[in-house]
Amino acid sequence: MKRRNQALLLLIPTFAFTATFIYGPFLLAFYNAFFSWEEGEYRIFVGLGNFRHLLFEDYLFWHSMKIMAILSVTYIAKVMIVPMLAAVLISRVGNARLRGAYRNLIVIALIVPSVAVYMIWRQIYHPDGELGLANRLFALFGLEPIAWFRDPDTALLTIILTGFPWASGVQMLIYLAGLQNISQDVKEAATIDGVGPLQRFFRMELPLIVGQVRLIAILSVISSVQDFVGVYLLTRGGPAGTTYVPGLLMFDYAIKYNQIGMGCALGVILFLIVLTLTLFIHRFVRTEDYL
Amino acid sequence: MNRVYGALKHVTLVLLIILTNYPLYFMLQTSLKSNREMREDFWRLPADPIWENYAAAFKSILFDYTQFDWLCFIKTGAPLFNTMFVAFWSVCGVILFASLAAFAFARYDFILKKPLYYVLLSLLMMPIVLIMVPEYVVVKSLGLLATRFGLILPYIAGSQALAVFMCRTFFEQIPKDLFESAEIDGAGMLRMYRHIAAPLSVPVLVVIGLLVCVQAWNDYIWPLVIVGSDEALYTVTIAMTAFQNEYNIEFGRLMAGFAIGSLPLVILILSMLRYFIQGITSGALKG
Chain D
1 MKRRNQALLL
11 LIPTFAFTAT
21 FIYGPFLLAF
31 YNAFFSWEEG
41 EYRIFVGLGN
51 FRHLLFEDYL
61 FWHSMKIMAI
71 LSVTYIAKVM
81 IVPMLAAVLI
91 SRVGNARLRG
101 AYRNLIVIAL
111 IVPSVAVYMI
121 WRQIYHPDGE
131 LGLANRLFAL
141 FGLEPIAWFR
151 DPDTALLTII
161 LTGFPWASGV
171 QMLIYLAGLQ
181 NISQDVKEAA
191 TIDGVGPLQR
201 FFRMELPLIV
211 GQVRLIAILS
221 VISSVQDFVG
231 VYLLTRGGPA
241 GTTYVPGLLM
251 FDYAIKYNQI
261 GMGCALGVIL
271 FLIVLTLTLF
281 IHRFVRTEDY
291 L
Chain B
1 MNRVYGALKH
11 VTLVLLIILT
21 NYPLYFMLQT
31 SLKSNREMRE
41 DFWRLPADPI
51 WENYAAAFKS
61 ILFDYTQFDW
71 LCFIKTGAPL
81 FNTMFVAFWS
91 VCGVILFASL
101 AAFAFARYDF
111 ILKKPLYYVL
121 LSLLMMPIVL
131 IMVPEYVVVK
141 SLGLLATRFG
151 LILPYIAGSQ
161 ALAVFMCRTF
171 FEQIPKDLFE
181 SAEIDGAGML
191 RMYRHIAAPL
201 SVPVLVVIGL
211 LVCVQAWNDY
221 IWPLVIVGSD
231 EALYTVTIAM
241 TAFQNEYNIE
251 FGRLMAGFAI
261 GSLPLVILIL
271 SMLRYFIQGI
281 TSGALKG
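Chains as they are written, first to last, in this note's numbering: chain D, 1 to 291; chain B, 1 to 287.
Worth flagging that the hints you see were computed from the coordinates, not collected in a lab.
There's no promise every hint is true.
[What the hints assert, rightly or not] When the alpha-carbon atoms are kept at most 16 Å apart in a straight line, the in silico EDC-like pairs for lysine to aspartate or glutamate are as follows: (1) K2(D) - E183(B); (2) K187(D) - E172(B); (3) K2(D) - D230(B); (4) K140(B) - D230(B); (5) K256(D) - E172(B).
Predicted model, so just to flag it, every value in this text is computed and none were measured.
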């Protein structure tokens, strides 16, 4: 390879953009977290004041952390189980044409923008007994309509149920790619030994796609801790704060109430959570253990 | 036993597919109904489809063609125009800058090469939530709040890491002889980039462009923060949600609006479904 320091020039645009809009903000987040913006445009150094407020005085913070934990655990369960089931079943379909058709029919749901999907689900859970799909289904079984998102008792559950049956295309494709990489020899050996379908999954397929499982675990931990688009579009954290998540709290602090420092402090806390969980998964779900 | 299992496999898959796609069907059939018909005949396709729902939604979400005027269209910007503008320039920026950087990483050796590459790759692990607030402050202090460039420039920055990574892998697979013979002929760095590396890597550039385009089209929170206060700069997703408050009573129109807002992206992805599936799996399997 040629040694040419002029090649550095080609990196200038990339690094100029990322420095301005990513590295800079990244460092600024840690810096700003120690300041308060509450008095107009000037910032005042408050030391660990923002963190102290969030951790010890802000009732909403711990409340939203609890909601986040519930939503994260259920989200991870959802993206682990259903797409895996779909991928395993598809990979076992013998006919290649049919296999491709099944795959595409699941992926096709992916092409609708997520904002539209959330809006459709809002409609599905319409509180009116005659206009919402969920309530119409209830009526078929002679059940009373439920207010879903509007009722503090059911709002969180409704968010968890949104997206049923959670056969998310992206995760399904990642699993499928892993399953299709399993060598023909291994598959044949399993067939000859007469292994049953369940055993085949736990003894052969799962161990061989542990890399994919870990990747999806990390990606879904990262996104479930920080994501608040769904909650924002479905309930805005309501009713009565029963679906409030930390990401939304950060958004409200920074954008709505203009308390940039508090928003940054909350961002730093979320960053530390994501970092810890990611390192944890890296350490404890090891690919090598299965090989 | 085996036959039962075989049948169960197909039944489960078909059921999964139906349930996964049911919201789509629900959206489409509702979009052609009036509220009265919805109450009376919920499950079936509309007896008398109301196509006006689409016309009304089209005006609010994409652009108001009854007041069509090129100058006004560009100046105040209809949501469709805004989103296309943002997506287009983001795609151009990502493809151009990322492929230049990837070319340098793939072809040359220079000081600090390794550390620079790892610094760039570390971006893939950076949670957006941490930088959202300070990035908003940066955009604001650059005077880009409530402008389309407040969306475009951060999008370009945000996709650099993944795009450089994908491009570099691709460039390294191009036979070295091509570059060596070009070098003997006296071609410089930029010439080799333009005439050899770029034309030969169109497939990977298409995948990157598609990913960036989908991301720019679907994004909701960032546009809400940056242009949410200025109706003239609404993107399609913002217009879609704003539309909901406007037509809270007529669900047919609402659903027609969501269908229309999704349509351009649906067409784009369907026409490149093969690339799209490739892009997801190749991009995702890096880790």
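Results of checking the hints against the structure:
{"no.": "1", "hint": "K2(D) - E183(B)", "result": "holds (11 Å)"}
{"no.": "2", "hint": "K187(D) - E172(B)", "result": "violated (33 Å)"}
{"no.": "3", "hint": "K2(D) - D230(B)", "result": "violated (51 Å)"}
{"no.": "4", "hint": "K140(B) - D230(B)", "result": "holds (14 Å)"}
{"no.": "5", "hint": "K256(D) - E172(B)", "result": "violated (47 Å)"}
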